Amino acid sequence: MTRNGLLRGGAFVAAGIAFPLLFNAAWLVNIGILTLMYAALAVSWNLFSGFTGYITLGQVAFFGLGAYSLGITFEHFGIGSGYNPFYVLPIVGACVAFASLPVAWIALRTRAMTFAIVTLTLLFIVQQLAFNLHSLTHGSSGLMLPTPTTFGVDNYDRPFYYAMLGLVLLALLICWGILRSKLGLMLLSIREDEEKARGLGIRVTGTKLVAWWLHVFVTAMVGGVWAYYLTFIYPESSVDPLVMIGAVLMTFLGGRGTLWGPVVGALVLVPAQQYMLIHLGGSQLYLVGYAAVFMVVLLVLPRGIIPSIRDGVVRTRERQRTRGGAAKAAV
Amino acid sequence: MHQVIQAVILGLLIGGVYALMASGLTLVFGIMRVINVAQGALVILAAYLSYALFSHAHVDPFLSVLIVTPAMFVLGVLVQIVFVRSLRGDDAEELSLLVTWALALGIEGVLSVIFKTTYRATSPSYADKTLTVFGYQVQFVRLMAFVGSAALLLVLSLLLTRTKFGRAVRATVQNPTAATLLGVDANRVQTLSFGLGVSMAAAAGAVYGVIYPFNPGSHYDLISRLLSIVVLGGLGSLGGAVVAALVMGVTEAVVAVEWQPTWASFSYFIVLIVVLLIRPQGIFGVRERAL
Amino acid sequence: MTALLEIDGLTKRFGGVTAVDACSFTVPAGSVTALVGPNGSGKTTAFNLITGYARADAGAVRFDGAAVRRPDPIRLARSGLTRTFQQARIFPDLTLVENMVAALQQPWTSVFTRAVRRPERERALELLDEFGIARLADERAGNLSYGQKKLLEFAAVLMGDPRLVLLDEPTAGVNPVLVDQIEERIRELNARGLTFLVVEHNMNLVMRLCDPVVVLAQGTKLAEGRPDEVRNDPRVLDAYLGG
Numbered sequence: 001m002t003r004n005g006l007l008r009g010g011a012f013v014a015a016g017i018a019f020p021l022l023f024n025a026a027w028l029v030n031i032g033i034l035t036l037m038y039a040a041l042a043v044s045w046n047l048f049s050g051f052t053g054y055i056t057l058g059q060v061a062f063f064g065l066g067a068y069s070l071g072i073t074f075e076h077f078g079i080g081s082g083y084n085p086f087y088v089l090p091i092v093g094a095c096v097a098f099a100s101l102p103v104a105w106i107a108l109r110t111r112a113m114t115f116a117i118v119t120l121t122l123l124f125i126v127q128q129l130a131f132n133l134h135s136l137t138h139g140s141s142g143l144m145l146p147t148p149t150t151f152g153v154d155n156y157d158r159p160f161y162y163a164m165l166g167l168v169l170l171a172l173l174i175c176w177g178i179l180r181s182k183l184g185l186m187l188l189s190i191r192e193d194e195e196k197a198r199g200l201g202i203r204v205t206g207t208k209l210v211a212w213w214l215h216v217f218v219t220a221m222v223g224g225v226w227a228y229y230l231t232f233i234y235p236e237s238s239v240d241p242l243v244m245i246g247a248v249l250m251t252f253l254g255g256r257g258t259l260w261g262p263v264v265g266a267l268v269l270v271p272a273q274q275y276m277l278i279h280l281g282g283s284q285l286y287l288v289g290y291a292a293v294f295m296v297v298l299l300v301l302p303r304g305i306i307p308s309i310r311d312g313v314v315r316t317r318e319r320q321r322t323r324g325g326a327a328k329a330a331v
Numbered sequence: 001m002h003q004v005i006q007a008v009i010l011g012l013l014i015g016g017v018y019a020l021m022a023s024g025l026t027l028v029f030g031i032m033r034v035i036n037v038a039q040g041a042l043v044i045l046a047a048y049l050s051y052a053l054f055s056h057a058h059v060d061p062f063l064s065v066l067i068v069t070p071a072m073f074v075l076g077v078l079v080q081i082v083f084v085r086s087l088r089g090d091d092a093e094e095l096s097l098l099v100t101w102a103l104a105l106g107i108e109g110v111l112s113v114i115f116k117t118t119y120r121a122t123s124p125s126y127a128d129k130t131l132t133v134f135g136y137q138v139q140f141v142r143l144m145a146f147v148g149s150a151a152l153l154l155v156l157s158l159l160l161t162r163t164k165f166g167r168a169v170r171a172t173v174q175n176p177t178a179a180t181l182l183g184v185d186a187n188r189v190q191t192l193s194f195g196l197g198v199s200m201a202a203a204a205g206a207v208y209g210v211i212y213p214f215n216p217g218s219h220y221d222l223i224s225r226l227l228s229i230v231v232l233g234g235l236g237s238l239g240g241a242v243v244a245a246l247v248m249g250v251t252e253a254v255v256a257v258e259w260q261p262t263w264a265s266f267s268y269f270i271v272l273i274v275v276l277l278i279r280p281q282g283i284f285g286v287r288e289r290a291l
Numbered sequence: 001m002t003a004l005l006e007i008d009g010l011t012k013r014f015g016g017v018t019a020v021d022a023c024s025f026t027v028p029a030g031s032v033t034a035l036v037g038p039n040g041s042g043k044t045t046a047f048n049l050i051t052g053y054a055r056a057d058a059g060a061v062r063f064d065g066a067a068v069r070r071p072d073p074i075r076l077a078r079s080g081l082t083r084t085f086q087q088a089r090i091f092p093d094l095t096l097v098e099n100m101v102a103a104l105q106q107p108w109t110s111v112f113t114r115a116v117r118r119p120e121r122e123r124a125l126e127l128l129d130e131f132g133i134a135r136l137a138d139e140r141a142g143n144l145s146y147g148q149k150k151l152l153e154f155a156a157v158l159m160g161d162p163r164l165v166l167l168d169e170p171t172a173g174v175n176p177v178l179v180d181q182i183e184e185r186i187r188e189l190n191a192r193g194l195t196f197l198v199v200e201h202n203m204n205l206v207m208r209l210c211d212p213v214v215v216l217a218q219g220t221k222l223a224e225g226r227p228d229e230v231r232n233d234p235r236v237l238d239a240y241l242g243g
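Residue numbers (this note's numbering), protein chains in the order written: chain A, 1 to 331; chain B, 1 to 291; chain C, 1 to 243.
Simulated from the structure, these hints should not be mistaken for lab results.
Given the structure is predicted, the values throughout are model-derived calculations rather than measurements.
We put the beta carbon where it would ideally sit given N, CA and C, even for glycine.
All the pointers check out, no bait thrown in.
Simulated DEER-style distance windows between Cβ atoms:
no., chain 1, residue 1, chain 2, residue 2, range
1, B, Arg85, A, Tyr87, 50 to 60 angstroms
2, A, Met144, B, Thr117, 24 to 34 angstroms
3, C, Asp138, A, Leu136, 52 to 62 angstroms
Now the stretches of chain A that chain B is said to cover, found in silico as 3 or more residues with beta-carbon under 8 angstroms:
no., stretch
4, 101-110
5, 126-133
6, 240-250
7, 297-303
Bound conformation, chain A alone:
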């Protein structure tokens, strides 16, 4: 890890831990939780789509599956209350991720555009399942999770906040690990030229499936924490196309394929989104505003904040170098 990387990571962790201790107003911590939730979703979306170049629009299906899996586990297995459900999360995440592999394998046989569409239909499939599997999900009437009573009233939100923070860090760590591993090298070569990668003997489908598994693993856990936090989930809210597009938008805004891009995107957009929701939420103008922000990001900053800044820095440096060189030549 470079010194700058350590510094950046350390600053993020410190700020993340300190935030709810400094600002303990419930609404602020609530926005913090949402920001971290979107950050975790965006980082894990980037983990698959940013690194492979295959855009998935079905991530939120696995968010919903994670949410429902935790809810159903509560109802049928009595996993207790308090902190216990957090310990079940990795199992939920792993199970959802394994279950998603066959469908992912089928979808990955199609080319990029079809893949995006097939994953989008996954979103609707899971939503339909949530409506229809009444005995498990209670359909449109929604699923209640027990409210954890041991967390106290004053800082009720904190455990959820730290759980989300943990998931963001986990997702970042996975991305960081991938970027410096063989897996990352393989994924990047697939993103750049998949046919060439095949010609070199890179097992492209398997490699993509590993990245897929990891992204679903994190996503489903995020869904689980979210469900436990809200204690009430229903099909439209747990498989919400708006959440999907939000995560994608944040990744695009911050910079696809970068480590910190999605986090930056979430830090910028979620507070803005919450602001709009509060001020425009009553009317549906909220949607219009959201669409407008989206358009601006895609049309003006399609490469994202971090790559644009990086280019700017490189260009300035080069300019300085040539100017320095010219000055020397003049002397």
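Keeping the supplied structure of chain A fixed, place chains B and C upon it in accordance with the hints.
Chains B and C alone, transformed into the frame defined by chain A:
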């Protein structure tokens, strides 16, 4: 058996309308590699326009097609010029997916502000009229919708096969570079085709409002169906889209009567996944050349 | 000499056009075999069929004595048959060393290990040095000149220790100095036991370097033999000059 045949008839009638919507989607993809996720929202927009014309000016919904379609053609042309054309670079295709999704959100938002989120339906006096043919019940409006859609699809295919514009379009689909070299103005073809694709949505939308109740959020349900139709048929294949739309209509209708209506659209998704397992390029899709 | 690659009756149609028509030839082990022919004679299509980038309509391919049922680029590369492309294909956003290491065929167990381990880097540098581009090792591959990209692609396919390399026009569009360098590399690697199948338009190079030479015209084999035999074959002259 009677019930199944009745369901098949119903499914074919509905499938025809979906075929019209999906044809616009797949046509646009074939020409410019753009998936218009807003196609569903545009259908709903047209349904609202037709609804407004009916409830304020008493224009018959089937006649309103003649007003709504040209208006939406213009809108489509504008959308292409403002939002879609400016996308450049390697991932213009993927970006277009997101840009049109944003457009869908915008349309949903505007419609919710104007019309609120309550469900509406365009109900002319003949809305509940039913014909009986050989003992099978056929709703008059659905028959009209089917006939209208089929007629428009016929016009579309004539347009593509018999006119100069159609030749330019087909040339662009087959080989954009060669078409440009032969003097086809690619920008113009793309803009007009996008407008054409949106007009298909518009014509279908005016009709849709008579058959189904709708609200601004209905576009998600529509686009999920439309996207899976074009994927099942093979992206870019017009014939494939029509066949897939009919398959979907029939599958849903039969599952609804023989099993449960709640599983109807789900069953179609299953058909889609199974077909993709065997033919990743869709029924009529061409396998993309690897090189 | 035993045959490393045997092509038997390979056929591919695109619509009404038969690009490769019942084509048969062999690549002897240890040879530098040339595949030549006028433009559009089906050389690249034959390459695509052999390496699994396109599916043949008929015909059989045997590699190292074993029938290749459904040719698949990944499996073929891993069993020692690899290729380069006419337009050099490299990963522009990766560095040269990363390009080289990406071409190493990894077992699943090493997926989570470091991207570039020290011995891998050393091996990559060694090969890059042989190709004269070691000083650019940590440059972005996208910054290379066209000729350098060709060298990099060639060097990279060697990372997997192949037994047969298919080169698609290795010297097309490359300056004369690099042509000599590529020729020298092929000779040296061939001396170390590597077999080549080369599509090439530079006839002087083919005559100097390759034996046997297979001539394709309109998708079928016209002649196969030693360079001087082929050169004096009237049918070959006809195909190139007549037409």
